[in-house]
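In order, the protein sequences belong to chains L and H. Residue numbers for the first sequence follow our numbering, so the first one is 1 and each next one is one higher. Residue numbers for the second sequence follow our numbering, so the first one is 1001 and each next one is one higher.
Rather than coming from a laboratory, the hints here were simulated on the basis of the structure. Check the hints yourself; a few may be wrong.
[What the hints assert, rightly or not] Capping the alpha-carbon separation at 25 Å, the derived lysine to aspartate or glutamate pairs in DMTMM-like fashion look like this:
{"no.": "1", "chain 1": "H", "residue 1": "1019", "chain 2": "L", "residue 2": "123"}
{"no.": "2", "chain 1": "H", "residue 1": "1038", "chain 2": "L", "residue 2": "120"}
{"no.": "3", "chain 1": "H", "residue 1": "1451", "chain 2": "L", "residue 2": "233"}
{"no.": "4", "chain 1": "H", "residue 1": "1285", "chain 2": "L", "residue 2": "168"}
{"no.": "5", "chain 1": "H", "residue 1": "1264", "chain 2": "L", "residue 2": "123"}
{"no.": "6", "chain 1": "H", "residue 1": "1024", "chain 2": "L", "residue 2": "168"}
{"no.": "7", "chain 1": "L", "residue 1": "268", "chain 2": "H", "residue 2": "1523"}
Each chain, letter by letter, is given below.
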Amino acid sequence: MTEYLRMSGMYWGLTAMDLMNSLDRMNKQEVLEFVKECQHDCGGFGASVHHDPHLLYTLSAIQILILYNCIELIDVERAVGYVQSLQLEDGSFQGDKWGEVDTRFSFCAIACLCLLGRLEAVDIKKATDFVLSCMNFDGGFGCRPGSESHSGQIYCCLGFLSLVNGLDHVNVDMLGWFLCERQLPSGGLNGRPEKLPDVCYSWWVLASLKMLGRLHWINKDKLIKFILACQDEETGGFADRPGDMVDPFHTLFGITGLSLMGSDERIKTVNPIFCMPQHVIDKLGIHLQLL
Amino acid sequence: MHGRLKVKTTAEQQEAKRKEREKKVKIYTELTNKIVQKRGDGHYDIEALSLTSKILAQNPDVYSLWNYRKETFRYLQKQLPTEEFQTLCNGELSFLESCLRMNPKSYGSWEHRCFIMKTSPDPDWKMELHLCNKYLEYDERNFHCWDYRRFVVKQSKVSAEDELKFTTDKISTNFSNYSSWHYRSKLLPLIYPDPSHPMGLQEQCLHNEFELAQNAFFTDPNDQSAWLYHRWLLGRRNLTLGIQSIYIKQSPRTIMVLLNKAAKICDKFEFSLSVNGTLNDQDTKWVNHRNTTEASHLWILKEPSPHGCDSNVSIEISLVTQDGREHEKHVCEKFGQSETLKEIVPVSNILFSCELSTATTDVLKQELESCQQLDELEPENKWTLLTIILLMRALEPVRYEQDAMHCIQKLIKVDPCRTNYYEDQRSRFIIENVIKTTANQQNQELNLSNKSLTILYHTQHMAFCTHIDLSHNKLTTTKGCDYMRCVKTLNLEGNQIQSLDGLQHLELLEDLSLKDNNIKMLDVLKPLKNCKSLKLLDMTGNSWCDLETFCKNFLSHCKVRTECFVAGKNTGH
């Protein structure tokens, strides 16, 4: 009954496994067959079989294939065409043909194209102008022009800007401060002012700080303690906060947060923009900007 | 997936749960199969709506089902008479309300509501605004609802003034108002614009906002939204791109232009160069401080023309912005020395707020007093301390330097989690004050030693310095040093440097001290390979050995000073 996000769920699980040096415990064949089945004629991917194509699941599908070094299994040209078709006049991207616009989709689009080596397929300048139009008084970014700053959106916009070499447009000190203020007395991070801490922000906020060259503005020891407290001793997974139910989403981001801080030798290095193992990204020769 | 408490259950309870889940999955699967079949057959009817609503009511995130509903609505719009279709739309809005009641944060529900409102023949926008008011009562921070509200406001042309009043009401009645303050920051420039003011806002409006923010944080000093908003009020918008300084050197022939902000050539601007009145249309290749064409403050042109830099020649440089307009023009002529530095705009105007009006100065001075009083009552409140520092920086950064440093120390005690942030800000203030008080001349010597600097800021303002002393600080990298394009002597003794990235662009660097740092590996020294002018390198006090190979291969022209301690063995050359 979580079919509607299955593709992303698989990406979360597989990436976490690879970072823990355990990818071989997953059924590669099954995964690849499933991914292939989910590509529609238009080139986009759905969350699962019989689910409509959407940028979110197109990115997850491509990430999975890149992880397994099997991108040639799908119709790459059509996937590029699908992403291309979703850019609108003002440079923004809709998530699918129904028109929802969100900076998350700008990131998904550009990340897809970078992984496929086809960044030139869309109008980068317009796409950048749109993302920058979502910048707010606090230096952060929201979903659309006028939307409130949110760490998840900030991660997406910074990831986008890093891939198009546009981080210079950011007010680094202002945004870095907004991000480091996400750390609460518990050591955990929240997504925006006066909200509860959540392990997934260990990723959105930390990766953002890494891109801005301000990772040291967070107290690492306290955050590590918080993340580890979110691991459930019984199941081994991570929950959003200590004592809650675990799931693959929070498990991935707990692991990637620890990876970014280099706190555990057993976890591989993660790339802060793609949230994929660094060794996988290295092979692709993608240019990314880190301040 | 969020906020679900894990409750331990017995084996019996777990088995009962499993059976229940199995039943749910069976129903879900049957329903899904029916829907997929129907949609595959191209049937868009009331039954489609009825089936999909059963799943969506429990789980509004199954996006493909909302899509099927949209397809059905599109189809029925063509089949049904307007009145009937309107009734259908109204019914959909009710259904959506029940979904939102269960889950007010589902992207799918809010997006579908937008679709229905755009499809509806006679949409009732007032009702939608009322819905937003209701949901913002439940949760003032629901960004889905705020975004939907902005959609409604745009479609039904509600005035910015009305919306501003809405935020004022929200702020005066509630705490946790960040979303409202944010919305204000978007509305004010629409209602009270003033392009001549540093904030882009009319001064009276700005003063009103200061008062509003003050009232909020003096009423509740722990209301961080008001303090955060206040910080924005103390800042200013982006500067218009302009030239800060021009530097001309005869031999080797070089022109350097320092801009007031980082910009990318051929994207945001171009230079137009004339020598003795003749436009230089040669293939002039300007590069930035890193020898690329990415965004930068500093742009360098080598060998501008055969007679480009002779002392009896006049050089005219124009900045041409994106729209093709010549933005400004500067002439440097008949300079006698081998190098000339012309400061177009005083550095202070770039680093600090432009002259504050008397009225604003008065407002800020009064705020400073009030904050200082508050600090006495609540010494543990970090927001007060931070705001005191920001006010001092805005009013008289040099005069208040010691007070600000004192406040930073207190801040670190009160909010140790963000120590690194505060130390970096302290470094920034110190550098700003030193730059401000040092007149901008060529062959400038800059002394920033023994200042506990943890990071370098504003290094573009060090572009024309020839002697820079950064010894005895807490720097761990040479980030920012790439702007020091005229430096000949660079003293980095007594820091904690582990990386020399940035030094590779310093072509004129002759004398470099890295004494007593943290350099441990050969790789770290790689950037020095490109320092063609390097004559003297002090590596004493780094836990280093095997410098010989590196020096022999890459720094053969350079005299290297070092004492290597390897398991007690002491070799010096």
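Verification of the hints:
Annotation: proposed proximity of residue 1019(H) to residue 123(L) is violated, straight-line Cα distance about 52 Å (limit 25 Å). Proposed proximity of residue 1038(H) and residue 120(L) is contradicted: the alpha carbons are some 40 Å apart, above 25 Å. About 47 Å separates the Cα atoms of residue 1451(H) and residue 233(L), which puts this hinted pair outside 25 Å; it is violated. Under the criterion of a C-alpha separation no larger than 25 Å, the hint pairing residue 1285(H) with residue 168(L) is consistent with the structure, at around 22 Å.
For the hint pairing residue 1264(H) with residue 123(L), the CA-to-CA distance comes to about 18 Å; that is within 25 Å, so the pair holds. Restraint check for residue 1024(H) and residue 168(L): not satisfied, since their Cα atoms lie roughly 51 Å apart, outside the 25 Å limit. The suggested pairing of residue 268(L) with residue 1523(H) holds, with an alpha-carbon distance near 22 Å, which does not exceed 25 Å.
Checked against the numbered hints given earlier, this structure breaks hints 1, 2, 3, 6; the rest are met.
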